[in-house]
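Peer 1: Here is what each chain is made of, one letter per residue.
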Amino acid sequence: MKTFSIGGVHPDDKKISAGSKIEVLPVPKTVYISMAQHLGGPAKAIVAPGDRVKTGQVIGEPTGFISAYVHSSVTGTVKSVGLRKDLAGIQVIHVEIETEPDEWAEGIDTSDTLVTEIPQDRQFIIDRIKNNGVVGLGGATFPTHVKLCPPPDKKAECLILNGAECEPYLTSDYRIMLEKTRQIVVGAALMKKVLGVSKAVIGIEENKPEAIKAMSAAVAELQKVSQDYSGIEVQTLKKKYPQGGEKQLIDAVMHRQVKSMGLPIDVGAVVQNVATSLAVYDAVQKNMPLISNTLTVTGDCLPADRQKNYLFRIGYPLSYIAGYNGGVPAEAVKIISGGPMMGKAVSNLDAATLKGSSSILYMTQEQTARKPESNCIRCGKCAEACPMGLEPFLLNKLARNGMMEDLEANAVQDCIECGCCLYSCPANIPLLDVIRVAKGEVIRAMRARTAPKK
Amino acid sequence: MNRILVSPSPHIHAKTSTSVLMRDVVIALLPSVIVSILYYGAAAIGLLAASVVSCILVEYLITRFMFKAPSTIGDWSSSVTGVLLFLNLPPSCPWWVAVIGAIFAIGVIKMTFGGLGQNLFNPAIAARVFLLVSFPTFMTNWAAPKGFLGVDAVSGATPLGIVKEGLAQGLTLPEIYAQHDFSYLQTLFINIGGSVGEISAIAILAGFVYLLARKVIRPYITLSILATVFVFSGIFWLVNPDQYTDPLFNLLTGGVLLGAVFMATDYVTSPMSDKGGVIFGVGIGLLTILIRYFGSYPEGMSFAILIMNSVVPLINKFCKQKKYGR
Numbered sequence: 001m002k003t004f005s006i007g008g009v010h011p012d013d014k015k016i017s018a019g020s021k022i023e024v025l026p027v028p029k030t031v032y033i034s035m036a037q038h039l040g041g042p043a044k045a046i047v048a049p050g051d052r053v054k055t056g057q058v059i060g061e062p063t064g065f066i067s068a069y070v071h072s073s074v075t076g077t078v079k080s081v082g083l084r085k086d087l088a089g090i091q092v093i094h095v096e097i098e099t100e101p102d103e104w105a106e107g108i109d110t111s112d113t114l115v116t117e118i119p120q121d122r123q124f125i126i127d128r129i130k131n132n133g134v135v136g137l138g139g140a141t142f143p144t145h146v147k148l149c150p151p152p153d154k155k156a157e158c159l160i161l162n163g164a165e166c167e168p169y170l171t172s173d174y175r176i177m178l179e180k181t182r183q184i185v186v187g188a189a190l191m192k193k194v195l196g197v198s199k200a201v202i203g204i205e206e207n208k209p210e211a212i213k214a215m216s217a218a219v220a221e222l223q224k225v226s227q228d229y230s231g232i233e234v235q236t237l238k239k240k241y242p243q244g245g246e247k248q249l250i251d252a253v254m255h256r257q258v259k260s261m262g263l264p265i266d267v268g269a270v271v272q273n274v275a276t277s278l279a280v281y282d283a284v285q286k287n288m289p290l291i292s293n294t295l296t297v298t299g300d301c302l303p304a305d306r307q308k309n310y311l312f313r314i315g316y317p318l319s320y321i322a323g324y325n326g327g328v329p330a331e332a333v334k335i336i337s338g339g340p341m342m343g344k345a346v347s348n349l350d351a352a353t354l355k356g357s358s359s360i361l362y363m364t365q366e367q368t369a370r371k372p373e374s375n376c377i378r379c380g381k382c383a384e385a386c387p388m389g390l391e392p393f394l395l396n397k398l399a400r401n402g403m404m405e406d407l408e409a410n411a412v413q414d415c416i417e418c419g420c421c422l423y424s425c426p427a428n429i430p431l432l433d434v435i436r437v438a439k440g441e442v443i444r445a446m447r448a449r450t451a452p453k454k
Numbered sequence: 001m002n003r004i005l006v007s008p009s010p011h012i013h014a015k016t017s018t019s020v021l022m023r024d025v026v027i028a029l030l031p032s033v034i035v036s037i038l039y040y041g042a043a044a045i046g047l048l049a050a051s052v053v054s055c056i057l058v059e060y061l062i063t064r065f066m067f068k069a070p071s072t073i074g075d076w077s078s079s080v081t082g083v084l085l086f087l088n089l090p091p092s093c094p095w096w097v098a099v100i101g102a103i104f105a106i107g108v109i110k111m112t113f114g115g116l117g118q119n120l121f122n123p124a125i126a127a128r129v130f131l132l133v134s135f136p137t138f139m140t141n142w143a144a145p146k147g148f149l150g151v152d153a154v155s156g157a158t159p160l161g162i163v164k165e166g167l168a169q170g171l172t173l174p175e176i177y178a179q180h181d182f183s184y185l186q187t188l189f190i191n192i193g194g195s196v197g198e199i200s201a202i203a204i205l206a207g208f209v210y211l212l213a214r215k216v217i218r219p220y221i222t223l224s225i226l227a228t229v230f231v232f233s234g235i236f237w238l239v240n241p242d243q244y245t246d247p248l249f250n251l252l253t254g255g256v257l258l259g260a261v262f263m264a265t266d267y268v269t270s271p272m273s274d275k276g277g278v279i280f281g282v283g284i285g286l287l288t289i290l291i292r293y294f295g296s297y298p299e300g301m302s303f304a305i306l307i308m309n310s311v312v313p314l315i316n317k318f319c320k321q322k323k324y325g326r
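Chains A and B, in that order, are what the protein sequence lines are. Be aware that the first sequence starts at 1, since it is given in the numbering used here, and climbs by one per residue. Be aware that the second sequence starts at 1, since it is given in the numbering used here, and climbs by one per residue.
Chain B with its partners taken away, still in its complex shape:
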């Protein structure tokens, strides 16, 4: 008889693996990627390539030559970071800014802590904030390159940027909306100005549904962010609709959807338990609205996620699931 294997139980394994999960995230991001390429054209393809290739390359080089270990690019996590970084950049951003972002995301935020699973902050979000602070001109230039659809983009500013500027000039919201001809239909399907990934809410939601269907994520973090943004901004809006943007506007702009579906749900940098996830989500929602209404940055989502990332170990410590018989 042949040699037989002896090992402790269990003897079978669910057909799941890190690479399958991460590949599912990439698949969930595809609708947003496709819409952005259609809308922003060749420039988007270049930016996507620069972002993804450099994320993978940086991880490969660090694992092979600094860790002197087998490469981990096969787990698809660096690809996820690459696509997310791309979706967080303005469409007109130069390709080398994406490369610097990739080096920061993978090289500094991810690999210095020991690679996948060890980082405190979401690499793509941290890189976006790093670039925003380092290259404010490129990162807030919302001029849209010509895409394959032949639609002329409204260039110049994001909806939230326009609002912030208008309010600073002493205008009321209805006056600002009237000047710029905003409509929700636009934000749902094709956005006006913003990061690449914010272009279509429908595309992001399609990814959300896919992630839920494949059981990659649970819905609590995303839903608690969206609910908090809606309710908290709703209270302000009801008090003074001339001064504070309405809840739906807040949901559909400034990367709230992209962040809530893809960035805040990152396994590594979000709480383990569902209860913790809800606290985390509520925190992100509150911080986002506070930054939008009272801070100097118009968007707020990236900062909110980063701040809440840093609280995750604490949340994990206090939010444990109920144990059997205890």
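Here chain A stands alone, though its shape is the one from the complex:
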């Protein structure tokens, strides 16, 4: 069974909410739609207070090459356009909308009919993806149309669909692979068409046998329908974190490694999450903008009947979702948006959901409190765990002594911030905390060096 070749750790799966079917959340009274839902330049709000907007209407336009459209997820009246705190407590422009019953914008197909016919016009597909604001839903929220249009000197060879969902607790990708199976495969065929590649691999970890079965069956079924689905295959991957890391997945599936500071396209790979593939299907086949996504509400301290997978629309406040679910459990001391390895601790529960929101994860004191740091015993467990082959113990020492050149020589800039080092350190040394800061400084210094002199 395939997996990536260097490092990795094996945290408990804890896929407690895996059995819960996706439920649609009712629309709240007010939504707050952020203009910074993607990597790159924030969108520019094009509505003003008092404007009436329809569901799916553009309310934010991209600024620059790497940016994306933002659409209204509801019908209603714009109450304000201004700064509001995101989940990290940072002030970002949000559009506040008081909601009314849905009235969909022109040209959106809201039916459930599966459209399997693949448009043959490449540009049409790209335009639909771009105009409907599709961004990567695997975590980075990189604008999808940019990723699907590599520079002319680079040639894509293989599309990899990331269904690894290697983070413990998260089950939203699993649920859509079971419930939106064929849509995801159609999305893969659409992206395959855009890239002009003959091969697409859907990588799924072995702990999700039902998803593997369902996806394989859907691929086989659609391959009978049209030639456009040939070359798509499901690849079972060994369970190991961080399998879903872009660089690790390429290593696992293609046995190729992206050079330091390089991009997947350099080795002929384009990686997209299964949720992105679903968004691509909606955007292209239904002209449906990316205004909703699936989110897991879970945690060991949450009762079994409250472990949920919800279909939410962007702009729902986290506090609304938590409240609808029955409130924050008393034992929870930390609320995480994302998985326990790479997710962000929420400091502001009133923050609104984004296109890339994937979970509300509750953790107890006992599960998540850091223990006091003690001396490094040079056991090497961090180096053994690092999927990039780095030496976290060394980077930690270099960083604490401000040795920038040595940090660069020891490849701190290659760190993917997966957290395997801190997770496995028996001395509870906050390795990643220190390395993350050092990495930022080193990358800034490297950029300053290569930037043209003014």
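Hints in this document: simulated from the structure, not taken from any laboratory. Remember, it's a predicted structure, so these values are computed and weren't measured experimentally. Note that beta-carbon positions come from the ideal geometry of N, C-alpha and C, so glycine has one too. Treat the hints with caution; some may be incorrect.
As the list claims (entries may be wrong) - List time: in silico EDC-like cross-link candidates among lysine to aspartate or glutamate, alpha-carbon distance up to 16 Å: (1) B:Lys15 / A:Asp13; (2) B:Lys322 / A:Asp414; (3) B:Lys215 / A:Glu384; (4) B:Lys317 / A:Asp406; (5) B:Lys323 / A:Glu408.
To be verified - Simulated coverage check for chain B against chain A, where a stretch passes if three residues somewhere in it have a Cβ under 8 Å from a Cβ of chain A: (6) 3-12; (7) 15-28; (8) 107-119; (9) 315-325.
Assemble the complex: chain A is given as a structure, and chain B must be docked to it using the hints.
Peer 2: Frame of chain A; chain B shown alone:
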């Protein structure tokens, strides 16, 4: 709502800690400890107590009163040093020699460098060599005290000591073996003369298996030492079996197993990478055999480990694991 915690990722931690790892090492040492107590009796219990208690006490006093910091004895590392020191002493050694060894191991070798993780040399091995040089009479008196099993020990010398002496008298190995009635079965289960911990190869190997099963250590260092000792001494033995001891004899005597399983694998004083570990192990194996065949000390293992300890920073510098995409 209650106060909520906000901290950077990752938000979970593997259920591992320094104290759990060190406690596992102590557990892995238990078979050897139990066999030695059965075999050497009350004297072994006294020596064990003197060694472990003084190691813990010295660390406690230094951390509390010199570092003025919280005590670190809870991490179990001083207990590991205490048990290892005990296993490296001759069974008849006076208790106060163990106390001096403990003061040297913890006070000089470990704490002067800043405590756990900072020392260059393995504290127990350094203390053994220190005692060997300082108290040669006590450290080479192999007379065995009466144990609980009621077996009479062959006293006087270790197998390697007997061989060295015999060779010096101009005897050949077969003649020496015939005089002393050596058998491998003895070394496997109950040894003839030697440090406390060398008494049973099976007990040491049981500890090795436990450490591997609990993923405390990786096998490369131990296996490369054993393989090197076996192959390197094998070459000499094939050339002249009258003059050079055979490979199996070299593996089973003179603390090779104890050193290879418990001392050379010490996290702090061994290389980080597996590749480095193999170089380190091969170095220890070669040095051990060279000292045995051509040096004046019969055992060689302690010196080999100490010498290779000093090379570890260099090995770490040159043996890096392969980085992704580089």
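Peer 1: All hints are to be evaluated individually against the structure, with a verdict given for each.
Peer 2: Tested hints:
Distance restraint check for Lys15 of chain B and Asp13 of chain A: the Cα-Cα separation of roughly 14 Å lies within the 16 Å cut-off, and the hinted pair is therefore satisfied. Distance restraint check for Lys322 of chain B and Asp414 of chain A: the Cα-Cα separation of roughly 13 Å lies within the 16 Å cut-off, and the hinted pair is therefore satisfied. For the proposed pair Lys215 of chain B and Glu384 of chain A, the alpha carbon gap of about 12 Å is at most 16 Å, so the pair holds. Note on Lys317 of chain B and Asp406 of chain A: the hinted pairing holds, with a Cα-Cα distance of about 12 Å set against a maximum of 16 Å.
Under the criterion of a C-alpha separation no larger than 16 Å, the hint pairing Lys323 of chain B with Glu408 of chain A is consistent with the structure, at around 13 Å. Counting residues of the stretch 3-12 of chain B whose C-beta lies closer than 8 Å to any C-beta of chain A gives 10; at least three are required, and the coverage claim holds. Counting residues of the stretch 15-28 of chain B whose CB lies closer than 8 Å to any CB of chain A gives 5, which reaches the minimum of 3, so the coverage claim holds. With 5 residues having a beta carbon nearer than 8 Å to a beta carbon of chain A, the stretch 107-119 of chain B meets the requirement of three or more and the stated coverage holds.
Only residues whose beta carbon comes within less than 8 Å of a beta carbon in chain A count, and the stretch 315-325 of chain B has 6; three or more means the coverage holds.
In this structure, none of the earlier numbered hints is contradicted; all agree with it.
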